[in-house]
Amino acid sequence: MITIDLSGKNALITGGTRGIGRAISRTLAQAGAATAAVYRTDEQTAEASLHERHAFDLATHHNYQADVADADQIARLVAQVQADFDGRLDILVHNAAAQGGGRIEDFPPDQWRRMLDVNLTAAYLLTRAMLPIMPRGASIVNIASGAGHDPMAGLAGYAASKAGLIMFTADLAQDIGPQGIRANVVSPGGTDTSPDPQQRPSDANALRRRGVAQDVANVVLFLCSDLASFVTGQALRVNGGAV
Numbered sequence: 005m006i007t008i009d010l011s012g013k014n015a016l017i018t019g020g021t022r023g024i025g026r027a028i029s030r031t032l033a034q035a036g037a038a039t040a041a042v043y044r045t046d047e048q049t050a051e052a053s054l055h056e057r058h059a060f061d062l063a064t065h066h067n068y069q070a071d072v073a074d075a076d077q078i079a080r081l082v083a084q085v086q087a088d089f090d091g092r093l094d095i096l097v098h099n100a101a102a103q104g105g106g107r108i109e110d111f112p113p114d115q116w117r118r119m120l121d122v123n124l125t126a127a128y129l130l131t132r133a134m135l136p137i138m139p140r141g142a143s144i145v146n147i148a149s150g151a152g153h154d155p156m157a158g159l160a161g162y163a164a165s166k167a168g169l170i171m172f173t174a175d176l177a178q179d180i181g182p183q184g185i186r187a188n189v190v191s192p193g194g195t196d197t198s199p200d201p202q203q204r205p206s207d208a209n210a211l212r213r214r215g216v217a218q219d220v221a222n223v224v225l226f227l228c229s230d231l232a233s234f235v236t237g238q239a240l241r242v243n244g245g246a247v
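First residue of the sequence shown? That's 5 in the working numbering, and the numbers climb one at a time after it.
Note that these hints are calculated values from the structure, not bench results.
What follows is a list of derived Cβ distance ranges for each label pair:
| id | residue 1 | residue 2 | range |
| --- | --- | --- | --- |
| 1 | 206 | 103 | 16 to 22 Å |
| 2 | 140 | 60 | 25 to 31 Å |
| 3 | 108 | 60 | 41 to 47 Å |
Treat the numbers as computed from the prediction; the structure is a model and nothing was measured.
For each residue, glycine too, the CB sits at the ideal point set by N, CA and C.
Use the sequences and the hints to build the structure in full.
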């Protein structure tokens with residue numbers, strides 16, 4: 005039987021305490037990884053996520069409060085990771101996201117900048133800051149979106165940030181490949197991120213059901229494992245075959 009065992013691995017997940025990020029944090033913890041989930045404002049949900057991870061009783065887990073678009077706060081994250089994980093990070097998942105939409109002529113410039121800062125620039129800042137403590141065999145997974153692949157009216161800012169994230173990751177994979185570190189993207193389609201999701205019917209994809217957060221987390225788990233040791237620079241679309 006093939007199983008995924010992340011025992012002894014340390015993982016940092018941004019946006020890691022609710023929705024897709026919460027499912028990713030929980031799944032990595034269930035596989036044995038020590039986790040640190042980054043959140044910005046919702047402390048109650050963050051505590052619930054931490055309790056969920058501790059329930060597996062397989063490793064130590066932490067929550068860090070930070071705005072990942074702030075370079076100074078990222079520097080603090082590095083210090084926390086070094087202190088809590090003995091100076092080594094094996095898995096970096098950037099899931100934090102800022103969303104918004106509307107016609108370009110009505111779209112506020114500050115909202116545009118915020119989406120680029122959180123969705124794209126934060127990935128650069130995090131990667132640059134964490135790479136010195138990531139060993140050979142480490143894995144970076146950036147969470148993008150179907151909007152980064154397919155045009156859709158009213159989503160220019162969000163789509164631009166996610167498309168940029170996809171290309172950033174592809175180029176990053178070429179840069180860090182010689183160090184034995186992998187970088188990939190997961191692009192979810194329509195996903196139910198509620199705390200108690202249901203696999204609801206859907207006509208929007210080939211599998212005829214709406215995705216749930218666990219569907220995305222399962223793919224992230226694979227990419228963080230040795231089963232994906234020859235997979236890098238890829239953008240995996242988790243959308244049930246939507247076209």
